[in-house]
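The numbering of the sequence shown is full-length UniProt numbering, which starts it at 1 and goes up by one.
No wet-lab data here; the hints were simulated from the structure.
Each residue gets a CB set at the ideal place from its N, CA and C atoms; glycine is no exception.
Take the hints with a grain of salt, since some may be wrong.
[As the list claims (entries may be wrong)] 25 Å max Cα-Cα, derived DSS-like pairs, lysine-lysine:
| id | residue 1 | residue 2 |
| --- | --- | --- |
| 1 | Lys460 | Lys667 |
| 2 | Lys372 | Lys58 |
| 3 | Lys379 | Lys63 |
| 4 | Lys460 | Lys63 |
| 5 | Lys58 | Lys379 |
[What the hints assert, rightly or not] Between beta-carbon pairs, the in silico distance windows are:
| id | residue 1 | residue 2 | range |
| --- | --- | --- | --- |
| 6 | Asn229 | Leu167 | 14 to 22 Å |
| 7 | Arg357 | Gly464 | 35 to 43 Å |
| 8 | Cys346 | Ala266 | 49 to 57 Å |
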Amino acid sequence: MLLEEGGGPPGPARRQPPKPRLPFLWRLKMRKKLKTIPSVLGIFRPVVGRCCHQCTPKSLGWKLLQPSPSLGFRDLLSVNETHTRYRGWLVRRLCGLAFVWGCRVYPGVTTDIGGQVRSSERVQKVLSSADSVFEVPDQQQQCPMLNTRGQASHFYSHVEVSISPVLLRVASWMVLKLLRFLFCNIQINLNQVAALQRATDMGAPLVFVFQQQCALDYVLIPHILFCHNLRVPYTVCHLQPGRSWLRLVLQRLGVVCPPPRPEGDAEASRLCEAIMTSFISLLLREGQSVSLALRGAHQQGPEELVRLQEALRDGSVPDVTLVPVAIAYDLPPQHSLRGQSPWSLCWSLASLLWDGRRGSVRIHFAQPFSLKEMCESRKCHVDGGRPLQELLLPSILGKSSESLSGCTSVSSMSPTSRCPESPPSERELSIALDLHLLHATSTCTAIMSTTLVSCLLLHKHREGVRLSQLCRDVLWLVEEVVFRNQDVGFGGSLPEVVFHAVSLLQPHLHLVRLPHTTDPLLAPRSTRTAILALAGHCPLLTHVFIMEAVGACAVLATLREVAACGGGGEVEFDVVLSQEELSERALQLCHLLPAAGYFPPCQSPYAFALDAVDSLVHCGVLVLEEQPQGQRMYDYWKREKVLIWSSAEDGDLSDSDCERQDTRCYKLGQPSQGPELFFFLCSLLSVQLRALSWAVEGLEFLQSPLPEPDCVAWLQSFLCDRASWGWRRYGGTS
């Protein structure tokens, strides 16, 4: 949706998107109630995307991202004659073509990049090592060396890229036409575009890093930069075109599609890595921009960030400026654009056009920061957490566990095959940089309207909700999101926002008009497809409330343990809880959850656990309470592995026992949202915790020892069977 305040270019450049097409019965049921909701959105926009103040303080001091004066937002699809240098009736009909023909195209690589890669020292070193290994008189032993030389020629053909200005303009015009059919608008923050221009003027080449969601991600970033007269980056795309002619066209647009690594061929894998590293180094030396996709800290495959570090270490480029990019979709197209071949991709695009549901896209460019500063300062520290065997074995064996506040190496978070030739310090720095970029892209990703509605229907109103109550909850959730310095990807009046979200989620929802009332009932469908589709929108909002969700789960776990010790089995909420126990529970949960994208990389899990408990106090779930005389407090002594109910009037406590007791105690409060807020926060992590619980159940059925790949495959199969059994027994509530 376009913003009401600063939501698009002024005057005729602002194009109102068409109203979503709903069935007549849906429009009749929703129309009256939506008109009574006042317009309250678009009042405040938080500044998102600031770089880490601990790892890159100098980059933060550049102050590239200036929030004032606000330049507003621009709809990339709204192009008319005011964006061109010409006027007239013919320009109004060909304004898209005139616009792309007036955009600036920067010069590409001036040298023969394929020849430079062939003659690079890194590639020649790998080839010479292969020659020395296979240089024997036996003719049969010469075949691997010849295969390595042939593979080198095959790899060279993938990096012979250049940017053709004419082809780039034609492709941009076609992309603009295609995006108009797929989306109703694509919003860009003009303050962030101005920050990119200031970063370009500093001289260091820009490297745009984003989390891959679908094939459109590789198209949007170069197209946005081209439309704003910025340098179009060379894109490293991990999708395989499947046709040689399509690869040639993409290479003339600056797109590099690396070949897949040969399985079981170490020499060919080393050669491919050397060619890609030399290629990236040559691009950065020429001052070209590069666009890379992140695939997570646990993924194995090409290491673009390691290549950037090697280019910086070898002196190929004095410095590199990293720019995290966040792309948020109203309707994520990853389920439709999975095709690798051109025909399957065209079929997916045709199915999207036939569907008719057009959502919005919000793209955020975070503040650029220096890679050299992060590598040389060595301030980038990431706690590697604890391996699962250290967390689960004490509980399984019935032994007391030691404190979890210590730190382990971050190398345990990723296999050594990720960077086999790098020293441990460089490998840890690479993983820390990867986690920083993943967290930066997750933090500055805008929350869309479909995310809010889906999360409310799944985690707060699974049985259904009145439309008026849903509007009030959306308003409350927007305020909570903005309060946590997270931007939303929509604007305008609240009726338009809810109407837009419901129209996009229509195939997965039930809308029922009850008798004797004008307020319809909205509920998610109980089919597996509908639940999975709605759940696909929720991880972004879970990231926003991750601190409160961890604290709420820690409180619920403590209350359930109190109920189990009491023998009644029912959870009692009128219990005083100690800060030490809540922090310990939150710390255990932090070690169990994946760190990538969820937790701040520079913050230790122990500090995060303390902040999680404090965040519940700020939102009203917990209230600080003094320990009155004679009231019993729940405490958990780890040294004895027993539960102790102590009274404040007991006089037989020693001085050491008094020092152990925490004077800060909490009790469940009564926030404005009531107990529903507490259970809503607990429900955000229900999927992850349920998967962990099922995995623990499956350990007793595991026939060990097994190789790690077989064990992972068996565990995945067990989780799928367990989920199917729960679905057949409990339906959509499982």
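Leu167 and Asn229 - C-beta distance against the hinted 14 to 22 Å: holds (18 Å)
25 Å Cα cutoff - pair Lys372, Lys58: holds (11 Å)
Satisfaction of hint between Lys63 and Lys460, Cα-Cα up to 25 Å: With a Cα-Cα distance of about 40 Å, the restraint between Lys460 and Lys63 is violated, given a limit of 25 Å.
Distance restraint between Lys379 and Lys63, which requires alpha-carbon spacing of 25 Å or less: holds (20 Å)
Hinted pair Lys58 and Lys379, Cα distance within 25 Å: Cα-Cα ~12 Å, so holds.
Assessment of proposed distance window 49 to 57 Å (beta carbons of Cys346, Ala266): violated (38 Å)
Status of the given 35 to 43 Å range, CB of Gly464 versus CB of Arg357: violated (22 Å)
Pair hint outcome, Lys460 versus Lys667 [Cα-Cα no greater than 25 Å]: holds (23 Å)
The structure fails to meet hints 4, 7, 8 from the earlier list, while all remaining hints are met.
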